[in-house]
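S.K.: Residue strings, one per chain:
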Amino acid sequence: MRTEQVLFDTVGPRAQRRVRIITVLSVLFLLGVFALAYWQFYRSGQLAPSKWAWLYDPATLRYMVRALGHTAWAALGAGAIALPLGLVLALGRLSASRLLRWPSTAVIEVFRAVPVLLVIYIFTSALPQYGVNPEVYWKLVIPVGLCAAAIIAEVIRAGILAIPRGQSDAAASIGMTPSLAFRLVVLPQAVRVIIPSLVAQAVIVVKDTTFGYVVSYGELMQSGRVLVATTGDLVQTYLVITVVYILVNMVISRVAQRLDVVLARRRAGNGSRFVTLFPARSATVRTAPGAPDAAKVPIA
Amino acid sequence: METLFTDYLPNFVSGLRTTLLLTTFAFVGSLVLGVVLATFRISPIAPLRAAGTAYVEVFRNVPLFSLLILVVYGLPEIQVDIDYIPAVIIAMTAVGAAFACEVLRTGINAVGADQVEAARAVGLSFVGIVRYVVMPQAIRDMVQPGVSLFIGILLSSSLAGIVGVMDLTAEVSYINNREALGLTTFLVAAAMYATIALGAGAIGARVETRVRVRR
Chain A
83 MRTEQVLFDT VGPRAQRRVR IITVLSVLFL LGVFALAYWQ FYRSGQLAPS KWAWLYDPAT
143 LRYMVRALGH TAWAALGAGA IALPLGLVLA LGRLSASRLL RWPSTAVIEV FRAVPVLLVI
203 YIFTSALPQY GVNPEVYWKL VIPVGLCAAA IIAEVIRAGI LAIPRGQSDA AASIGMTPSL
263 AFRLVVLPQA VRVIIPSLVA QAVIVVKDTT FGYVVSYGEL MQSGRVLVAT TGDLVQTYLV
323 ITVVYILVNM VISRVAQRLD VVLARRRAGN GSRFVTLFPA RSATVRTAPG APDAAKVPIA
Chain B
1391 METLFTDYLP NFVSGLRTTL LLTTFAFVGS LVLGVVLATF RISPIAPLRA AGTAYVEVFR
1451 NVPLFSLLIL VVYGLPEIQV DIDYIPAVII AMTAVGAAFA CEVLRTGINA VGADQVEAAR
1511 AVGLSFVGIV RYVVMPQAIR DMVQPGVSLF IGILLSSSLA GIVGVMDLTA EVSYINNREA
1571 LGLTTFLVAA AMYATIALGA GAIGARVETR VRVRR
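So the protein sequences, as listed, match chains A and B.
Plus 82 on top of the position in the first sequence (first one is 1) and you've got our numbering.
Plus 1390 on top of the position in the second sequence (first one is 1) and you've got our numbering.
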């Protein structure tokens, strides 16, 4: 039971009437907001069928579907960079050797604290001055991948730290070396804790691919600009594009939530004896401490 | 290298000022709107709960950049004219509030339902429960996520340049286009962002160790 669900007691007759009144008022308010928005669209002529005609043009649709494919291709490329790099950085930051720990920590902290767009500008404007001039795709994918790697490193680290110490102690007691204990005991459990958060991070990567607009890589945003240049239907084009982004990211978020539930259930099922004996401990396996602050707020 | 600071110091200063302005307004706006949304989401009024949930679902998943295009270039087309800087702040706030709302709810849920039940058992009213039991604990749990939110908003302000507001990132790109000073220009800006973000993180960690509730 979540705290917010018990905040209100069951309401009595007087409060019930009050709730009903506010319910009606809030419905009216929400309808008013929508009506105002509709009126504004109508008044400015943005609802005219001709403004939406491009949506029924098969050639345009094919073009936009291809653009969605490019968005996916860019997100996959960034993910392919971020996952292994993030794992390396996380292991580096957890390493006992200062020589590995400090540089990894520095890289993680810097790339979490710098805007992706600035890193993209470095790839488009600064590096070419040194003769480093990769293709447009890489100018988008490498910066997005680098910044995502820093976030993923923190997610992985939080997941590894969430595994109770007793697990590696037990492995040591049956004679495993620390690295063997990590590979066979800690990491497999950590992966289950981490996977939902990793999937959720894909939302950040998809959002960051919108900078294809800046480097002129033909993903959704950039293709939208091209389309607007010919049709002039800016509001309509970007409304549709924005809805597509929201739907894609909602699906990703939903998958992450489902995985979280499924994997948590499986964890509880596997260690059922452990759970009943030490309920408090099994709870620490479930929720990675530090996980919320490990995830960057994916606003951009 | 020298010209960077002799000729372009004013650009850095004004860029930094714009970035801080956008960040501050959007952060405060996000917190205010976030409180409203969180109130909606935990209220007994079903339509408000649904509206709050829908808002959070939509604005948590929208890329700020596409929203920014709609607000900055789209609103004038439906005859709503707003200046560039307020438009950017509105877009940043709209997205930031969705995350602020979730920060608040996570904080409230971290308190534990048993606390509320215990408070009700001793006869506290709803306002009393929220005021004396839930909020004092919840706010302490929000320090770290609040700092993450601040950093997220700071980094998101870099998008302002794409729609024509000269923030730090845009100034740096402008300087580079004129002088081609290589990496230095960008590294100075990166250092500024990192200083603000890591500074906020350090302050947050300091505050958190003092106020954290041990459970």
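Careful, some of the hints might be misleading.
Beta-carbon label-pair distances, calculated as ranges [to be verified]:
1) A:S132 x B:Y1463: 18 to 28 angstroms
2) A:V337 x B:T1396: 49 to 59 angstroms
3) B:Y1474 x A:V333: 26 to 36 angstroms
Read the hints as simulated data drawn from the structure, not as lab findings.
Every residue gets a Cβ at the ideal spot worked out from N, C-alpha and C, and that includes glycine.
S.K.: For every hint, state whether the structure bears it out.
M.R.: Here's how the hints hold up against the structure:
Take A:S132 and B:Y1463: their Cβ atoms lie about 19 angstroms apart, and the range 18 to 28 angstroms holds. Restraint check, A:V337 to B:T1396: a C-beta distance of roughly 53 angstroms satisfies the suggested window 49 to 59 angstroms. A beta carbon spacing of about 33 angstroms between B:Y1474 and A:V333 agrees with the range 26 to 36 angstroms that was offered as a hint.
Of the hints listed earlier, there is not a single one the structure fails to meet.
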